[in-house]
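Q: Sequential numbering of the sequence shown, starting at 1, is according to UniProt numbering.
Just so you know, the hints here were simulated from the structure itself, not pulled from any lab data.
Backbone N, C-alpha and C define an ideal beta-carbon position, used for all residues, glycine too.
Possibly wrong hints are sitting among the right ones.
Quick list of the computed label-pair ranges, beta carbon to beta carbon [stated by the list, open to error]:
{"#": "1", "residue 1": "K293", "residue 2": "L379", "range": "45 to 53 Å"}
{"#": "2", "residue 1": "R97", "residue 2": "F3", "range": "38 to 46 Å"}
{"#": "3", "residue 1": "L191", "residue 2": "H259", "range": "25 to 33 Å"}
{"#": "4", "residue 1": "H259", "residue 2": "F3", "range": "44 to 52 Å"}
{"#": "5", "residue 1": "T218", "residue 2": "G48", "range": "54 to 62 Å"}
{"#": "6", "residue 1": "N173", "residue 2": "I360", "range": "23 to 31 Å"}
{"#": "7", "residue 1": "E174", "residue 2": "T210", "range": "36 to 44 Å"}
{"#": "8", "residue 1": "D204", "residue 2": "Y346", "range": "36 to 44 Å"}
{"#": "9", "residue 1": "V408", "residue 2": "I367", "range": "18 to 26 Å"}
{"#": "10", "residue 1": "L37", "residue 2": "G184", "range": "43 to 51 Å"}
{"#": "11", "residue 1": "F310", "residue 2": "A209", "range": "43 to 51 Å"}
{"#": "12", "residue 1": "S301", "residue 2": "K349", "range": "56 to 64 Å"}
{"#": "13", "residue 1": "F207", "residue 2": "P115", "range": "51 to 59 Å"}
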Amino acid sequence: VNFVVCQLFALLAAIWFRTYLHSSKTSSFIRHIVATLLGLYLALFCFGWYALHFLVQSGISYCIMIIIGVESMHNPMMIITQKITSLAYEIHDGMFRKDEELTPSQRGLAVRRMPSLLEYVSYNCNFMGILAGPLCSYKDYITFIEGRSYHMTQSGENGKEEVQYERTEPSPNESVVQKLLVCGLSLLVHLTISNMLPVEYNIDERFQATASWPTKITYLYMSLLAARPKYYFAWTLADAINNAAGFGFRGYDRNGAAHWDLISNLRIQQIEMSTSFKMFLDNWNIQTALWLKRVCYERASISPTIQTFFLSAIWHGVYPGYYLTFLTGVLMTLAARAMRNNFRHYFLKTPQLKLFYDIITWAVTQIAISYTVVPFVLLSIKPSFTFYSSWYYCLHVCSILVLWLLPVKKTQRGKNIHENHQLSQSRKVDERENSLGEDSFSTRNSICNQNQEKASRPSSSRQ
1 VNFVVCQLFA
11 LLAAIWFRTY
21 LHSSKTSSFI
31 RHIVATLLGL
41 YLALFCFGWY
51 ALHFLVQSGI
61 SYCIMIIIGV
71 ESMHNPMMII
81 TQKITSLAYE
91 IHDGMFRKDE
101 ELTPSQRGLA
111 VRRMPSLLEY
121 VSYNCNFMGI
131 LAGPLCSYKD
141 YITFIEGRSY
151 HMTQSGENGK
161 EEVQYERTEP
171 SPNESVVQKL
181 LVCGLSLLVH
191 LTISNMLPVE
201 YNIDERFQAT
211 ASWPTKITYL
221 YMSLLAARPK
231 YYFAWTLADA
241 INNAAGFGFR
251 GYDRNGAAHW
261 DLISNLRIQQ
271 IEMSTSFKMF
281 LDNWNIQTAL
291 WLKRVCYERA
301 SISPTIQTFF
311 LSAIWHGVYP
321 GYYLTFLTGV
331 LMTLAARAMR
341 NNFRHYFLKT
351 PQLKLFYDII
361 TWAVTQIAIS
371 YTVVPFVLLS
381 IKPSFTFYSS
391 WYYCLHVCSI
401 LVLWLLPVKK
411 TQRGKNIHEN
421 HQLSQSRKVD
431 ERENSLGEDS
441 FSTRNSICNQ
451 NQEKASRPSS
461 SRQ
């Protein structure tokens, strides 16, 4: 109840913030101050004096939650952990690494100046995302606070300079209303259907003894399907709050329609229609997936998939069910990748074969996802093993057999790393001669000031 009340208050505060504290009406300093104070007030209202742990968290990170066991503050501390680690890597990329060492996404998100204390606290504790996120990059947040979200750039006469101009600010009202409707429907489903299909019934002794396999498979899928609306509600409401404050604008499509999904955390249609494990993960908890990719997967030199899943398990908490889910997820991801690489091209010859492939992979994906996340919901180790043993660990066995029998192709990421290593030496001379002004990999929100930031860097760091 506290969470819902605070989020509804945050929604009203976001509308007021955009109307009366718009960047055109007040300074970024005032916007930082108000956003931070409102965020700390919400934390204090929702968690009492435990909210002080937010300040402690900023200093000694996620281990505080594990030590003190403040389970009611689990989600906010998870969000603030993401922000602290993301910002740390973005500062490292911007101030201590050369541009040629960075990937395009790292180059676009790199922070090339140390944030002030106010900017740091505002980024971590603003009222729009302190309770349920979603995660956003530091540069996107600062761009929003300073009112540069609607600035665009175009090439100058010499083809290198970036000339800024301002577009008409789009209204987020339509996007906010649509997302609030999704919230209402998700909450209704959660309060009605979810209680009728508890995940725990999958390990009920009588159900296991009497139900047929088609019944077990159907109930497994339906029970996990019914468990998702509460996440749809929380994440979509958080997204609507940010949009109501004017944060989250990504740009226009070819038809001129505004898109307010810069920090959206899920795509419901793609989740429910996923035809691969990767497609599901790419559309579920999107900002967390991007965080894991940026701080772990892209930086890991050995077994990036395994390291990424393990980091995800640690970040979620200490329950054994989390680790069982993510260890199973490693197997499922690798097996699904091997199956796709070895068989998908056979089904692309005709539309009928492609449709048949999509139907089969959709059914397999939904069952595999449900099978994988049961321990995540049950949390404890005994019920989790009870479930897997009732299914005879069948999908674990199938995944191991797939990885053992099918050739595993090198991923594109591995190929790129190998090629970059071979070409790095031969490119050094050319890179010194080329102008850094030709860099075109900046993100939408950072591109407008990237040349300015590069100009402020010492000349020795450019070489």
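Q: Run every hint past the structure and note whether it holds.
A: Comparing the hints with the structure gives:
1. Against the hinted window of 45 to 53 Å, the Cβ-Cβ separation of K293 and L379 comes to about 26 Å, which falls outside the hint.
2. Hint check: R97 to F3, Cβ distance near 39 Å, so the stated range 38 to 46 Å holds.
3. Between L191 and H259, the C-beta spacing of about 31 Å keeps the proposed range 25 to 33 Å intact.
4. With their beta carbons about 28 Å apart, H259 and F3 fall outside the hinted range of 44 to 52 Å.
5. Between T218 and G48 the beta carbon distance is about 44 Å. The supplied range of 54 to 62 Å is therefore violated.
6. Distance hint check: the CB atoms of N173 and I360 are about 42 Å apart, inconsistent with the given range 23 to 31 Å.
7. Between E174 and T210 the beta carbon distance is about 50 Å. The supplied range of 36 to 44 Å is therefore violated.
8. Checked against the hint of 36 to 44 Å, the C-beta distance between D204 and Y346 comes to roughly 41 Å, which is consistent with it.
9. Under the hint 18 to 26 Å, the C-beta atoms of V408 and I367, about 23 Å apart, fit the expected range.
10. Under the hint 43 to 51 Å, the C-beta atoms of L37 and G184, about 30 Å apart, miss the expected range.
11. Judged by the Cβ atoms, the range 43 to 51 Å given for F310 and A209 is violated: they are separated by roughly 36 Å.
12. Checked against the given bound of 56 to 64 Å, the beta carbons of S301 and K349, roughly 38 Å apart, lie outside it.
13. For F207 and P115, the Cβ-Cβ distance of about 54 Å falls inside the hinted range of 51 to 59 Å, so the restraint holds.
The structure fails to meet hints 1, 4, 5, 6, 7, 10, 11, 12 from the earlier list, while all remaining hints are met.
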